[in-house]
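K.L.:
These protein sequences, in sequence, are chains F and P.
The numbering used here applies: residue 1 is where the first sequence begins, and numbers increase by one.
The numbering used here applies: residue 1 is where the second sequence begins, and numbers increase by one.
It is worth saying that the hints were derived from the structure and are not from the lab.
A portion of the hints provided could be inaccurate.
[Said to hold, decoys possible] Here are the computed lysine-lysine pairs in the BS3-like style, where the Cα-Cα straight-line distance is at most 30 angstroms:
#	chain 1	residue 1	chain 2	residue 2
1	P	LYS94	P	LYS4
2	F	LYS366	F	LYS346
3	P	LYS452	F	LYS366
4	P	LYS94	P	LYS233
5	F	LYS366	P	LYS458
6	P	LYS488	F	LYS322
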Amino acid sequence: MREQEGGMFQEMHGRDAMEAYWHWLCSSLVGEPGLLWRLVDQYGTPKEVFCAGEEELKKRFPRSPKGIAGLCAKRREWDFVREREALRRKKIAFVSCEHPAYPQRLHAVPQKPGGLFVRGDLPKEASPSIAIVGARACSAYGRSAALWFGRELAREGVQIISGMAAGIDGFGHQGALEAEGRTFGVLGGGVDICYPEFHRGLYMRLEREGGLLSEYPPGTRPLRHLFPQRNRIISGLCDGVLIIEAKAKSGSLITADLALEQGRDVYAVPGRLEDPLSVGCNNLILQGAGIALSPAQILEEMGITPKFVGKNQGSGKIALEKAEDIVYSCLGLQAKNPEELSAEAKLPLVEVLRILTSLELQGYAKEIYKNNYIRVL
Amino acid sequence: MFSKVHSAALNGLEAYLVRVEADISDGMPQLLMVGYLSSEVREAGDRVRTALRNTGIVLPPKRITVNLAPAGIRKAGSRFDLPVAAAILAALEKIPGDSLKDIMLTGELSLSGQVLPVPGILALVEAARDGGIRRCIVPEQNVAEGAVLDEMEVIGVSSLAQLIELLRHPDQAVRVRVDTSRLLENQDYTGEGDFAQVNGQAVVRRAAEVAAAGMHNLLMIGPPGAGKTMIAKRIAGILPPVSLEEALEMTKIYSVAGLLPEHTSLLVGRPFRAPHHTVTPEALAGGGRVPSPGEISLSSGGILFLDEFPEFKRSALEILRQPLEERRVCISRTAGTYIFPAKCMLVAAMNPCACGYYPDRSRCTCTEQEVGRYLGKISRPLLDRIDICAEVPGISYEELTKKRENESSAQIRRRVEAAHRMQQERYEGLPIHFNAYLNGNETERFCPLGKKEQRLLKNAFTKLNLSARAYYKIIKTARTIADLEQEKRILEQHLLEAIRYRLPEGAYWGKDA
């Protein structure tokens with residue numbers, strides 16, 4: 001093994017070698033960023049950690065026997081060339097925290113990831129980023145809000161960061177993709193594993209049109225205890241976090257707390273009083289989080305002049321027939337069914353049904369599930 | 001002495017003539033039954049012998065041979081007792097031999113000499129008519145059913161003695177007549193409940209009306225207690241009137257299944273069948289060693305209501321695919337292929353998820369995957385055979401208790417009947433009764449679209465990701481909507497409404513990625 005390493009040293013110089021050692025360290029310490037940074041602080045570089053004796057490591061870190069044992073086990077079987085080839089084969093890039101491509105925003109994160117495994121692209125430093133997070137079991141209201149914010153913000157060039165989870169996360173990504181914007185998914189497992197499985201389509205689009213990021217090596221199962229840690233990367237990568245729907249105890253609130261620690265803006269979309277999915281968001285607003293009323297308002301607070309948002313807001317600007325206009329003005333973000341619309345617009349039901357199809361075909365309304373419609377802004 | 005008489009045997013819904021021959025000769029005294037008989041036909045010999053004795057006729061100690069021709073086809077059922085008795089009587093010269101000429105006989109005998117009813121009379125009488133026979137003698141309880149065919153002379157007998165009397169004096173026969181046109185005019189629509197009792201639910205009411213007018217298959221989705229079952233039961237009451245052709249077919253199916261009440265002549269009410277979700281595939285599609293019609297055939301001409309759609313066994317549901325497409329069920333057995341009609345209108349009701357409240361997230365406890373799994377229990381090919389889909393939202397207390405004038409079934413039915421007349425005129429002389437029966441070619445022939453309408457549909461096709469099947473379904477549904485408005489051409493507004501009733505695309509509601 002020593003001879004092999006000798007070969008390694010000859011082959012890899014400077015940055016390549018450094019990246020290789022970081023790759024090893026990050027792959028060895030899954031879910032233990034605390035230990036990782038204590039090791040690096042102690043030894044200076046991952047290379048020094050690699051060269052340290054097993055007994056010495058055990059003596060210096062008596063409180064993390066499991067982590068050290070894992071580290072040493074990994075070190076014994078680690079083959080730098082093979083691992084590097086394995087990454088290349090899977091089309092995964094590794095960027096350590098000392099690499100210039102490493103997202104600058106993450107440097108501000110306490111216990112930042114030692115490196116990122118990336119499929120697709122990394123977020124651009126110069127573009128503003130917003131994280132859209134929220135409940136997995138979201139309502140139609142949350143769904144339409146996530147799609148709306150995702151779409152409108154992405155259209156203005158804001159990068160949408162989220163966790164590719166079911167519910168709000170997925171819809172945030174989806175909104176951004178609809179606007180052909182850039183969006184990035186930070187995964188709680190290896191970037192080669194699509195979780196949840198039914199997001200396969202989204203996963204493939206993110207890989208092509210945005211990026212998939214993770215601090216965990218490929219093949220890491222998406223385990224429950226890794227998700228809260230992952231949230232610090234989501235908040236770390238963005239300038240502001242937008243929370244859409246969260247129950248009183250929600251993972252999204254962890255993201256909000258982390259964002260505040262990291263000095264990011266936190267916005268919450270207000271919800272209805274009696275709705276359990278709104279409690280978390282409304283509490284955040286009570287505690288002083290920014291209230292998110294529209295993409296335009298968020299953009300304004302971020303200091304971005306909207307180019308597109310608000311272009312077709314206000315019914316006067318759309319050329320619709322009178323009856324269509326009435327129905328359109330009755331539609332909102334909260335899904336309504338044709339019966340409610342018929343009562344509100346004081347039009348016969350059959351006509352409302354026809355107008356809804358017409359509006360949908362013109363792109364002003366959307367049927368988000370059977371017989372429930374929202375306005376498209 | 002040799003004699004012969006006609007009877008008929010059933011093969012699925014169709015019957016064929018059987019010649020019953022009897023011969024009496026010298027030899028060992030016995031009654032010999034031949035002609036590829038199942039055991040219940042073979043037992044006819046003992047029944048006939050005893051019934052004759054109890055009527056006062058003792059068989060002589062001679063060799064009696066009875067043959068059922070054609071001898072190559074297996075015969076089953078108890079309906080040959082009466083013709084066997086008649087053939088033996090003629091062979092014994094107890095009745096004049098020529099009295100059996102051009103007569104079809106059918107019926108079961110009890111040991112006392114009573115004549116008992118048998119199933120499938122209408123099909124048997126029809127076979128006699130097609131075989132050039134004008135006169136049928138059937139059990140008294142079945143005479144009303146047989147007499148439905150106007151050109152046939154159908155006579156009922158209740159005992160063997162009466163049969164003998166009748167054959168000795170054929171001119172004394174009392175022919176039973178049934179006025180089918182009056183029966184069809186006075187169709188009974190009461191069904192179960194009236195639409196006037198349904199508060200709110202305007203969308204489903206409309207969807208049900210459109211579905212009934214064109215006999216389109218309908219799927220209702222909604223939370224528990226929203227009124228899906230209530231509405232389904234009332235749809236039977238707004239269906240268009242039954243034609244003679246349909247009534248005959250329905251009667252035949254029920255008669256063959258042995259479900260026709262005694263002394264009923266013609267079924268003029270459209271059937272409403274609601275099998276429980278534990279139903280087996282065989283019970284749904286028809287089956288058995290000698291196949292009998294299943295629920296899908298029993299509901300032919302009416303409604304097959306499947307409540308709790310996803311709870312049905314997958315194997316049972318998937319068996320519906322072919323019958324819903326071809327509107328008939330084909331069952332193959334070694335003895336032959338049996339074909340039953342399946343022209344039913346499928347009305348299915350389901351909850352949107354296991355707990356029933358999705359997408360109301362304040363009440364639904366299912367995860368997206370669970371919702372997907374629940375809806376995934378129904379395969380896409382089956383969903384593709386459903387033309388109209390409507391959501392039945394939960395109903396509020398105010399709506400529920402509000403006293404107001406709802407449209408009654410009779411009012412809705414008037415519009416449906418008008419739409420039905422439009423269809424009758426359009427499909428005159430064709431085997432198509434309703435818009436829903438059109439296939440792709442026929443849709444293009446009978447439902448031409450104007451330029452504007454084509455543009456609209458093209459726009460919808462690309463914007464809403466429609467499938468080819470959905471495309472035809474929309475046109476067919478639009479045709480029915482136009483019929484409801486007595487409009488000869490399909491206009492934009494009809495298409496716009498029809499598009500509304502399409503099935504949710506994608507793996508499940510609310511997912512479009």
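K.L.:
For every hint, state whether the structure bears it out.
P.N.:
The hints, checked one at a time:
1. P:LYS94 x P:LYS4: Given pair P:LYS94, P:LYS4 holds - Cα atoms ~14 angstroms apart, limit 30 angstroms.
2. F:LYS366 x F:LYS346: holds, 21 angstroms
3. P:LYS452 x F:LYS366: Satisfied, since the Cα-Cα distance of roughly 23 angstroms is no more than 30 angstroms.
4. P:LYS94 x P:LYS233: Given pair P:LYS94, P:LYS233 is violated - Cα atoms ~56 angstroms apart, limit 30 angstroms.
5. F:LYS366 x P:LYS458: Distance ~18 angstroms between F:LYS366 and P:LYS458 Cα, so the pair holds.
6. P:LYS488 x F:LYS322: holds, 27 angstroms
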